[in-house]
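Given the structure of chain G, go ahead and fit chain V onto it with the hints provided.
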Amino acid sequence: MLELKNIVFNAENDGKNVGILRDISLTVEDNKFVVITGPNGGGKSTLAKVVAGIIKNNSGQIIFDGEDITEKSITDRARMGIGFAFQQPVRFKGMTVVDLLRIAAGKTLSVSEACEYLSEVGLCAKDYIDREINASLSGGELKRIEIATVLARDVKLALFDEPEAGIDLWSFNNLIRIFENMRKDRRGRSIIVISHQERILNIADEIVVIADGKIVKKGSRDIILPEITGTENAVNACSRIQ
Amino acid sequence: MIQMDAVQKRLFQEVADLHDIPEGAYNLRANGQAISRNTTANIDIQSKTDVSGIDIRIKDGTKNESVHIPVVLSQSGIKENVYNDFFIGEDCDVLIVAGCGIENCGSQDSEHDGIHRFYIGKNSRIKYVEKHYGSGDGSGKRILNPVTEVYMEEGSTMEMEMVQIKGVDSTERTTIAELKENAKLIVHERLMTHGQQQAGSIYKVDLRGDGSSADVVSRSVARDDSYQKLDLCIIGNAACSGHTECDSIIMDNGRILAVPSLEANNIDAALVHEAAIGKIAGEQLIKLMTLGLTEAEAEEQIINGFLK
Numbered sequence: 043m044l045e046l047k048n049i050v051f052n053a054e055n056d057g058k059n060v061g062i063l064r065d066i067s068l069t070v071e072d073n074k075f076v077v078i079t080g081p082n083g084g085g086k087s088t089l090a091k092v093v094a095g096i097i098k099n100n101s102g103q104i105i106f107d108g109e110d111i112t113e114k115s116i117t118d119r120a121r122m123g124i125g126f127a128f129q130q131p132v133r134f135k136g137m138t139v140v141d142l143l144r145i146a147a148g149k150t151l152s153v154s155e156a157c158e159y160l161s162e163v164g165l166c167a168k169d170y171i172d173r174e175i176n177a178s179l180s181g182g183e184l185k186r187i188e189i190a191t192v193l194a195r196d197v198k199l200a201l202f203d204e205p206e207a208g209i210d211l212w213s214f215n216n217l218i219r220i221f222e223n224m225r226k227d228r229r230g231r232s233i234i235v236i237s238h239q240e241r242i243l244n245i246a247d248e249i250v251v252i253a254d255g256k257i258v259k260k261g262s263r264d265i266i267l268p269e270i271t272g273t274e275n276a277v278n279a280c281s282r283i284q
Numbered sequence: 004m005i006q007m008d009a010v011q012k013r014l015f016q017e018v019a020d021l022h023d024i025p026e027g028a029y030n031l032r033a034n035g036q037a038i039s040r041n042t043t044a045n046i047d048i049q050s051k052t053d054v055s056g057i058d059i060r061i062k063d064g065t066k067n068e069s070v071h072i073p074v075v076l077s078q079s080g081i082k083e084n085v086y087n088d089f090f091i092g093e094d095c096d097v098l099i100v101a102g103c104g105i106e107n108c109g110s111q112d113s114e115h116d117g118i119h120r121f122y123i124g125k126n127s128r129i130k131y132v133e134k135h136y137g138s139g140d141g142s143g144k145r146i147l148n149p150v151t152e153v154y155m156e157e158g159s160t161m162e163m164e165m166v167q168i169k170g171v172d173s174t175e176r177t178t179i180a181e182l183k184e185n186a187k188l189i190v191h192e193r194l195m196t197h198g199q200q201q202a203g204s205i206y207k208v209d210l211r212g213d214g215s216s217a218d219v220v221s222r223s224v225a226r227d228d229s230y231q232k233l234d235l236c237i238i239g240n241a242a243c244s245g246h247t248e249c250d251s252i253i254m255d256n257g258r259i260l261a262v263p264s265l266e267a268n269n270i271d272a273a274l275v276h277e278a279a280i281g282k283i284a285g286e287q288l289i290k291l292m293t294l295g296l297t298e299a300e301a302e303e304q305i306i307n308g309f310l311k
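Here the protein sequences come in this chain order: G and V.
Under our numbering, the first residue of the first sequence is numbered 43, with each subsequent residue one higher.
Under our numbering, the first residue of the second sequence is numbered 4, with each subsequent residue one higher.
If we strip away everything but chain G, and leave its shape as in the complex, we get (with noise of 0.2 Å):
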């Protein structure tokens, strides 16, 4: 279980210090899925960073699991079981695909293991299990290879930071479905994706809307989603061309 209590954040702008978390409290229950919406620059992603500690928050607890993790590094954070995919996914050079499954896994992974993570995000494994990550990949697949070193990591809680960012229409369908089936398939873990996309919002247990760094409303998709069906905050996937 996750907890989140009174979390600020301060950022300098401009000579001026801004407040992009203000207070925010939240629980995030074992086993759920949960997807944070709300405008952009409302401190949807900056929260997701700072539960993986990659943003330090100002004030504020962050309990994981009974244990105060907010003054622990990423890596420990990481080790304890928390996950998390970058909204843009960093390429290496010379790093192969199965390379970072196995950084991911934390073991020496067998190929027919690797290429298991890569079928679940819909990439054919033998093309890409050893093909480097780098420019050749086009967004989309850098986003599924991202994926499934989340999947690969076993974790307890997952973090997705907008992963329809940048992807075109084909890839975002097939994400959808990778979010389904990782829905369908918990294992126990909890999910936390951040996303506007009305279709990941429509397969959310629980649905957090955070605007100017507050939580505006939260509460189970039953009732939330009917009541921001049609503003920015439940878009559909078209209406980024129309």
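Warning: the hint list may mix true and false statements.
Unchecked claim - Calculated cross-link-like contacts (lysine to aspartate or glutamate; reagent style EDC-like; alpha-carbon spacing at most 20 Å):
1) G/149 to V/303
2) G/98 to V/94
3) G/135 to V/181
4) V/311 to G/172
5) G/114 to V/298
6) V/311 to G/109
7) G/135 to V/300
8) G/135 to V/286
9) G/135 to V/277
10) G/135 to V/250
Hints listed in this document are in silico derivations from the structure and should not be mistaken for laboratory results.
What follows is chain V alone, placed relative to chain G:
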């Protein structure tokens, strides 16, 4: 055959992946003298009479054979110049493994300067692997100044893998190549320097024949207080295509000077160069840390991948 000691065995393993006596043709050299040699029906090895070194002659049509000619120095204070010439016939397909390992636990400098010349016949394909490695904790320096010259006839292909990852204090690597019609040169260089090491790497590739091409890619890492100068030059004297790439990571106080250069002397020469130097990207470290690695482990993985 002279027995190898444990140090020599380890050095042979590092530079030529040799766990035992290799198959095919070979010439193993340790501390300034040949300790073992084997020739085959198609590949002959003879000692030179005027200078130190060997002539390797490969018959026309030799395919799927290999030649290993690694060198190790395990005594402090040895300084040698060795000339090895490869005369490769037509229509061959051969793997050549060279390399030098120096273990210097003494106070005197050890130096091996190998001059390799390749004369590659028409339509032959050669894969050449050269690894350099140094170890030992003596104050004497480990110095390697390899010179490689490649002369390529029509339609021949040379793929070179040049690796120097550890332990060589000072190196000046010079590689020159001349390519005739439709000859193709591919070079992958991997270089890592640390401590106070100094490394210079010079390539001069002359594309003389129409349809010739060269792809010279150097990846390097300079750590601690080390310094590298990478000087990659392609000259297009015909309707040819050439590409050079210097891609480097600097760490600590490491310094790198990359000087890629192109010279086009023919209107149909298409030449490209790329060069990039930078530290490891912060996002790369963070990504690997979110997978459970410490910062130092993440750095190692990134470097390993980069130099693979």
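Each hint, compared with the structure:
1. G/149 to V/303: 16 Å, holds
2. G/98 to V/94: 63 Å, violated
3. G/135 to V/181: 30 Å, violated
4. V/311 to G/172: Roughly 13 Å separates the two Cα atoms, so the pair holds.
5. G/114 to V/298: With Cα atoms ~14 Å apart, residue 114 of chain G and residue 298 of chain V stay inside 20 Å; holds.
6. V/311 to G/109: It is violated: about 40 Å lies between the C-alpha atoms, which goes past 20 Å.
7. G/135 to V/300: 17 Å, holds
8. G/135 to V/286: Roughly 13 Å separates the two Cα atoms, so the pair holds.
9. G/135 to V/277: 15 Å, holds
10. G/135 to V/250: 10 Å, holds
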